[in-house]
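First residue of the sequence shown? That's 191 in this note's numbering, and the numbers climb one at a time after it.
Just so you know, these hints were derived from the structure itself, not from any lab.
Honestly, I wouldn't trust all of these hints.
[What the hints assert, rightly or not] Simulated crosslink set (DSBU-like; lysine-lysine; CA at most 30 Å straight-line): (1) Lys277 / Lys296; (2) Lys269 / Lys317; (3) Lys277 / Lys348; (4) Lys277 / Lys317; (5) Lys348 / Lys296; (6) Lys318 / Lys277; (7) Lys318 / Lys348; (8) Lys252 / Lys348; (9) Lys252 / Lys317; (10) Lys252 / Lys277; (11) Lys296 / Lys269; (12) Lys318 / Lys269; (13) Lys269 / Lys348; (14) Lys317 / Lys348; (15) Lys252 / Lys318.
[Stated by the list, open to error] Label-pair ranges, simulated between beta-carbon atoms: (16) Gly328 / Ala356: 25 to 31 Å; (17) Gly251 / Gln293: 16 to 22 Å; (18) Lys318 / Glu276: 16 to 22 Å; (19) Met324 / Glu260: 28 to 34 Å; (20) Lys252 / Gly328: 26 to 32 Å; (21) Glu249 / Asn279: 27 to 33 Å; (22) Met324 / Asn301: 25 to 31 Å; (23) Ala257 / Thr281: 25 to 31 Å; (24) Asp287 / Cys336: 15 to 21 Å; (25) Gly288 / Asp315: 19 to 25 Å; (26) Lys317 / Asn254: 30 to 36 Å; (27) Gly358 / Gly312: 29 to 35 Å; (28) Gly251 / Lys277: 19 to 25 Å.
We treat Cβ as the ideally placed atom computed from N, Cα and C, and that holds for glycine.
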Amino acid sequence: MRTNTTRIRRLCAAACTAPLLVFAGAAGAGATAAATAPAAAPGALQVTGGEILQLVNAERGKANCPALNENAQLTQAAKTFADDAEKNNLTNHTGSDGSSPQQRIKEAGYNAGPTAENMAWGSTDAKKIVDDWMGSSGHRANIVNCALTDTGVAVSGKYTVQVFAAPG
């Protein structure tokens with residue numbers, strides 16, 4: 191009988207202690223991860239500009255628009271704003287310095303005629319981002335505007351920015 195009582199106590203002690211150790215380990219790991227990399231959840235993939243461009247060009251093809259050309263100056267304009275949005279938690283198209291998409295495009299050195307900008311935040315899924323844009327009349331209009339020929343896409347943290355333009 192004494193052997194069974196001892197065995198039951200040991201099992202109970204192990205069963206009661208294990209969750210505490212797991213919880214303590216998770217709290218410690220979370221604190222370290224938050225301090226070093228507050229990025230996406232484990233297993234989540236970071237959105238890439240290439241993925242966004244591929245999906246956007248597929249949508250443009252459905253609308254009989256030519257594929258957008260990736261442009262380094264527009265990519266820089268998108269990166270400037272994506273970084274600003276991430277740093278300052280922006281949720282509109284005005285930079286923390288009051289800049290507009292047109293101003294950022296000009297500052298990046300692109301001589302633009304018509305311009306447009308799409309912005310998303312909070313998703314690490316390129317397809318979801320483009321699907322959401324296609325479900326929004328304003329964002330969709332930017333994507334399927336056949337007059338816009340060049341683009342730049344940038345990702346910073348939870349923000350994805352796509353800038354569209356045509357030479358002026």
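Notebook entry, point to check: Does the alpha-carbon distance linking Lys277 and Lys296 stay inside the 30 Å limit?
Noted result: With a Cα-Cα distance of about 22 Å, the restraint between Lys277 and Lys296 holds, given a limit of 30 Å.
Item checked: Thr281 and Ala257 - C-beta distance against the hinted 25 to 31 Å -> At 29 Å between Cβs, range holds.
Checklist line | Outcome of range test on Cβ distance (Met324, Glu260; 28 to 34 Å) | finding: 20 Å, violated
Item checked: Holds or violated: Lys269 to Lys348, with C-alpha atoms at most 30 Å apart -> 13 Å, holds
Check: If you draw a straight line from the CA of Lys269 to the CA of Lys317, is it 30 Å or shorter?
Finding: Between Lys269 and Lys317 the Cα gap is close to 20 Å, so the pair holds against 30 Å.
Check: Per the hint of 16 to 22 Å, is the separation of the Cβ atoms of Gly251 and Gln293 within bounds?
Finding: 31 Å, violated
Note to self: Assuming the hint says 19 to 25 Å, is it satisfied by the Cβ distance from Gly288 to Asp315 or not?
What the structure shows: Distance hint for Gly288, Asp315 is violated at roughly 31 Å.
Check: Under the criterion that the straight-line Cα-Cα distance not exceed 30 Å, is the pair Lys318, Lys277 satisfied?
Finding: 23 Å, holds
Notebook entry, point to check: Should the hint that Lys317 and Asn254 are 30 to 36 Å apart at their CB atoms be regarded as holding?
Noted result: Because 22 Å falls outside the window, the suggested range is violated.
Check: Within 29 to 35 Å or not, the Cβ separation of Gly358 and Gly312?
Finding: 33 Å, holds
Checklist line | Hint consistency between Lys277 and Lys348 [alpha-carbon to alpha-carbon, up to 30 Å] | finding: 10 Å, holds
Next item on the list: Evaluate the given range 15 to 21 Å for the C-beta pair formed by Asp287 and Cys336.
Entry: Given range 15 to 21 Å: violated, Cβ gap about 32 Å.
The structure does not agree with the numbered hints 10, 16, 17, 19, 20, 24, 25, 26 and 28 stated previously, though it agrees with the rest.
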